[in-house]
Every structure is written in C-alpha cells, then in structure tokens.
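First to last, the sequence lines map onto chains A and B.
Each residue of the first sequence is one higher than the last, beginning at 12 in the working numbering.
Each residue of the second sequence is one higher than the last, beginning at 147 in the working numbering.
Don't read these hints as lab results, they were simulated from the structure.
For clarity, every value in this text was computed on a predicted model and none was experimentally measured.
Treat the hints with care, since some could be wrong.
To spell it out: a stretch of chain B is covered by chain A in this simulated footprint if at least three of its residues, at any positions, have a beta carbon under 8 Å from a beta carbon of chain A; those stretches are [unchecked claim]:
#1 154-166
#2 187-198
Calculated lysine to aspartate or glutamate pairs in the EDC-like style (CA-CA distance at most 20 Å, straight line) [what the hints assert, rightly or not]:
#3 B:Lys164 - A:Glu116
#4 A:Lys46 - B:Glu206
#5 A:Lys107 - B:Glu156
#6 A:Lys85 - A:Asp147
#7 A:Lys85 - A:Asp28
#8 A:Lys46 - A:Glu163
DEER-style ranges, computed between Cβ atoms [as the list claims (entries may be wrong)]:
#9 A:Phe169 - B:Met172: 32 to 42 Å
#10 B:Thr154 - A:Met105: 12 to 22 Å
#11 A:Lys85 - B:Glu196: 31 to 41 Å
#12 A:Glu132 - B:Gln218: 36 to 46 Å
#13 A:Lys75 - B:Arg214: 48 to 58 Å
#14 A:Leu92 - B:Gly199: 43 to 53 Å
#15 B:Gln218 - A:Arg65: 43 to 53 Å
#16 A:Phe94 - B:Asn149: 41 to 51 Å
#17 B:Ile205 - A:Lys16: 25 to 35 Å
#18 A:Leu92 - B:Glu196: 36 to 46 Å
Ideal Cβ placement from N, Cα and C applies to all residues, glycine included.
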Amino acid sequence: MADKKDLTIVCFSGDFDKVVAAFTMATGAAATNRKVTMFFTFWGLNVLKKKQGRAWLGQGLMAKTFNFLMGGRKTLPLSRLNFGGVSAGLMTGMMKKHNVATLPELIEAANALGIRLLACEMALHILELGREDLVDEVEDIVGVATFLNESENGHIIFV
Amino acid sequence: MINFLDITKETCPMTFVKVKLQLATMEEGQELEVILNEGEPLKNVPASCEEQGYKVLSIEACGDNKHRVLIQK
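Turn these sequences into a full structure, and let the hints guide you.
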C-alpha cells in the first residue's frame, strides 16, 4: 500500500463555493485512502452550526447579531455574484443538473467516510457558541496547537 | 450476492466515494462489479482500489465508452 500523507483542510471561509471545494477535496482524499481532518474556524463554523438557517445564537447582542447575519449551512453566500443570496440555490440547481454532488451530499459522504471535523475553540468563544450549537458529527473543539500537532506530517490546505 | 455499482452518471469525487463506501459494506472475498466511464474514473478507481489492498480481477470495455471493472475485497 502506498504511503500517503494525511490531509488537513482549514475551512476559514463560509462561502458556498469555497466550502464545496473544501468538501470535494476532503471526500476525494478520504476515498483514495488518506486520513482527512477538516478544521473549521471563523466563517467556516457556519457549516457546522446545528441551526442551518439564520438564528440568534450566543448571549450578548453583538454575538446574536453576528450569528444571525452569518447564518448557517443553508444560507452560505457565493464568494462572487451572490445576488442577495439567491446564487447558492441556483448553483445547487446547476450542480444537480450536471450530476455533481451537492453540498449536503458531500457533507453526508464526508461523515460516511469518517472525515474528522474539528471546530476552532477561539472562534467559538468570540461568537459565544458552544458544543451544543454544533452538529453531533463535530469530533472535538480544539486550539491551534492541537491542530498543528495533528497535521504536522501531512499537507495543510487553507480554504 | 453480486454487488453492483453504476457510477457512469457520477462525477468526481463521488465516483471514488461511492466505490469506497460500497466496498466498506462488503465482506472480505466478495466481489463488486462497477460500470464506469473512461478517462478519470477508469484511470483512478481501479488504481485506488488496488492501493487499498483490494484485487482488481478484470477490466473490460462494454461499449459506449464504458468499462466493467470487477473488484474483489
């Protein structure tokens, strides 16, 4: 068996197209025998929120407002040509038309393949989010030291 | 039991993903028949199966640019 490097993908962006790219690389790598970890921080955390739409999460007014505006998995904007939020839906329609896996399908595949999902402790702290606000598939909440230790001998991709 | 998978309508990365997940549900020694397109899937699906320690028993063209690959877990 060929010796393959582990892959860690830092999901900083919460843009729909970039998240699709991250999950495409992650699932492709896991399906071809690589150990894959996805580390979600800041905007990327929107993907992991249990509430998939807009929700007033957190305690303070600022955190609640930021969380509402940042939204969840179903409100990810396109990085360009977002047109007030309609583009992600249109793009999903085009993906289906061409038999390309949609974001929910990619996330489901990632879970089935055992890809590790980690959430950034610091970003969660800023946004006043807790473990209970994140989907069950999140394996752990970690800091940058843990993330670096675990990805030391592999490739790191920043999205 | 014959395991069968048609991935001719799938695109990257679901081509490998579906094969990998299907193989994961099978017992050792069981066989999986995969119909796939030439190009990327034909180049990489059998190779990635072999890397995982599975045996590619045969690859044959079955017309219309499709190929039938038989894999043993």
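Hints broken by the structure, by number, lowest first? The structure conflicts with hint 4 only, although it agrees with all the remaining ones.
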